[in-house]
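As a plain string of letters, each chain reads:
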Amino acid sequence: MILAPRLRPPGSPGRAEIDSEGLKRQTPMLDTLQRCSVATRDPQEGLDALTQVYPGLRIDGDPEGSFALELTSVTAGPLRAHRYSLRGLSWPASADVSGSVAISYLLSGQVTLDIDGASSATQGPFLHPQGRHSGAWGEVEQLTVALDLPYVEDYARHLVGNEDLRLEFTGSTPVSQAGLQHWVGTLAHLYREVLLDDEAMNVPLIRHETIRTLTTALLRCFPNNSLAHPHPPEGVSMVAARIRRAKAFIDAHLDTDIGLVDIAAAARMSPHRMLAAFRRELDTTPREYLRAARLNTARHGSLPRFPGHARPHALV
Amino acid sequence: MGWESIGILAPDPALIDNTPVLRRYRTRGLMVTARSAELSTPRSLEGFTGPLVAYRPDAPTLELAEAVSGAGGIVAVSGNNDWLSSWITAHQPAHLAGARLDPARP
Numbered sequence: 360m361i362l363a364p365r366l367r368p369p370g371s372p373g374r375a376e377i378d379s380e381g382l383k384r385q386t387p388m389l390d391t392l393q394r395c396s397v398a399t400r401d402p403q404e405g406l407d408a409l410t411q412v413y414p415g416l417r418i419d420g421d422p423e424g425s426f427a428l429e430l431t432s433v434t435a436g437p438l439r440a441h442r443y444s445l446r447g448l449s450w451p452a453s454a455d456v457s458g459s460v461a462i463s464y465l466l467s468g469q470v471t472l473d474i475d476g477a478s479s480a481t482q483g484p485f486l487h488p489q490g491r492h493s494g495a496w497g498e499v500e501q502l503t504v505a506l507d508l509p510y511v512e513d514y515a516r517h518l519v520g521n522e523d524l525r526l527e528f529t530g531s532t533p534v535s536q537a538g539l540q541h542w543v544g545t546l547a548h549l550y551r552e553v554l555l556d557d558e559a560m561n562v563p564l565i566r567h568e569t570i571r572t573l574t575t576a577l578l579r580c581f582p583n584n585s586l587a588h589p590h591p592p593e594g595v596s597m598v599a600a601r602i603r604r605a606k607a608f609i610d611a612h613l614d615t616d617i618g619l620v621d622i623a624a625a626a627r628m629s630p631h632r633m634l635a636a637f638r639r640e641l642d643t644t645p646r647e648y649l650r651a652a653r654l655n656t657a658r659h660g661s662l663p664r665f666p667g668h669a670r671p672h673a674l675v
Numbered sequence: 002m003g004w005e006s007i008g009i010l011a012p013d014p015a016l017i018d019n020t021p022v023l024r025r026y027r028t029r030g031l032m033v034t035a036r037s038a039e040l041s042t043p044r045s046l047e048g049f050t051g052p053l054v055a056y057r058p059d060a061p062t063l064e065l066a067e068a069v070s071g072a073g074g075i076v077a078v079s080g081n082n083d084w085l086s087s088w089i090t091a092h093q094p095a096h097l098a099g100a101r102l103d104p105a106r107p
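Those sequence lines, one after another, are chains A and B. Quick note on my numbering: the first sequence kicks off at 360 and runs consecutively. Quick note on my numbering: the second sequence kicks off at 2 and runs consecutively.
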């Protein structure tokens, strides 16, 4: 019945991004925690609740017979987790998960997914196909985790140290039995011990780490092209690449009126992170580096000479 | 060419004392000095042949910088001061950063 929710579209308020250290970079919604709980025997009320929680959901047919829905969901930044039990219905349905990565784990019952024109019964954790897809759900109890695709992609780039990575998932089941066990264990622990615990989830550090841990498990357990990338050596992070980009930008714009914001934008970091990274890695600041680079230009006598003038002049 | 081959000329010794970056550059080995009240060339700049940075110069400081005959180039690091326009008109400096200042109109 329920396919994965279509989360907020990429780039909309609430999209979370991670910085070079894997910490949140621009996460206005990451600090919000939303819970939803529905228990109903009214089919129409149940459908309304489901379509509110899962905007991409389309259900073909009307509910018939005995109906019972219990649904709880929690949303935190790029993460949405929901658990529901449903009985009394068996519907064909479709949903569009574009913009998110959704993994469902059947606690009971069976789901049939139509993928590329072929139907396959699914048990255990499975990754929903991207785009609109259809399937049939019977009486099921299911736990689903969905993460914003841009967040996952940024995180994958951080893990492999490749900012140009375009993340693609290449299968719907875990890469191995060990991967399956890792995903199930991670999800079970975090769902029971953290996601359901308001006190824990209201601690930003725990909330962020929970999202990161789930994302890491997702990327390590389900087939995707980031697995083929060699991980950067220990201690080498995206910071170095971003500082290199910042330095290259500075060197290319010595004669331009640039500031910290421009340099940070070129390096895809926040000005604050840029400043901290420069201090930590280079023991200087971007402005200081810029000033030194300009002085260095003068030091090597590379100032332009003008006809009729004995020596070059420059204005900063 | 070492750092000591770069000279920085400030209009006032107090500006050097109050500007951390100038103090750091001096520690690094740059020739950081202030113009004298008599507008005579500071002794440290006598025979100086490297690029000379006039840091937030006033007109007398630029004049003094120009008087360092051996300097390989003059770099003015300055705000948007109107009086700079005559110097710009005279020397057509390369614009490295900051507000672009136009030469004075005839």
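No lab work stands behind these hints, which were simulated from the structure alone. We put the beta carbon where it would ideally sit given N, CA and C, even for glycine. Careful: at least some of the hints might be erroneous.
To be verified - Just some of the chain B residues that point at chain A, by a computed CB distance under 7 Å:
#	residue
1	16
2	17
3	21
4	32
5	35
6	76
7	77
8	80
9	90
10	94
11	96
Structure-based check of each hint:
1. Taken as an interface hint, residue 16 of chain B does not check out: its beta carbon lies about 16 Å from the nearest beta carbon of chain A, beyond 7 Å.
2. At about 15 Å, the closest approach between the beta carbon of residue 17 of chain B and any beta carbon in chain A exceeds 7 Å, and the interface hint on this residue is violated.
3. For residue 21 of chain B, the interface hint is violated, since its Cβ never comes within 7 Å of a Cβ in chain A; the closest pair sits about 10 Å apart.
4. Proximity of residue 32 of chain B to chain A is violated relative to the hint, the smallest CB-CB distance being about 12 Å (cut-off 7 Å).
5. Restraint check, residue 35 of chain B versus chain A: the minimum CB separation of about 18 Å is more than 7 Å; hint violated.
6. With 7 Å as the threshold, the beta carbon of residue 76 of chain B comes within range of chain A, its nearest partner Cβ sitting at about 4 Å, so the hint holds.
7. A cut of 7 Å between beta carbons decides the hint on residue 77 of chain B: the least distance to chain A is about 5 Å, and the hint holds.
8. At a threshold of 7 Å, the smallest CB-CB gap from residue 80 of chain B to chain A is about 10 Å, leaving the interface hint violated.
9. A distance limit of 7 Å between C-beta atoms decides the matter here; for residue 90 of chain B the minimum to chain A is near 11 Å, and the interface restraint is violated.
10. Taking 7 Å as the C-beta contact cut-off toward chain A, the hint placing residue 94 of chain B at the interface holds, the least distance being around 4 Å.
11. Proximity of residue 96 of chain B to chain A holds as hinted, the smallest CB-CB distance being about 6 Å (cut-off 7 Å).
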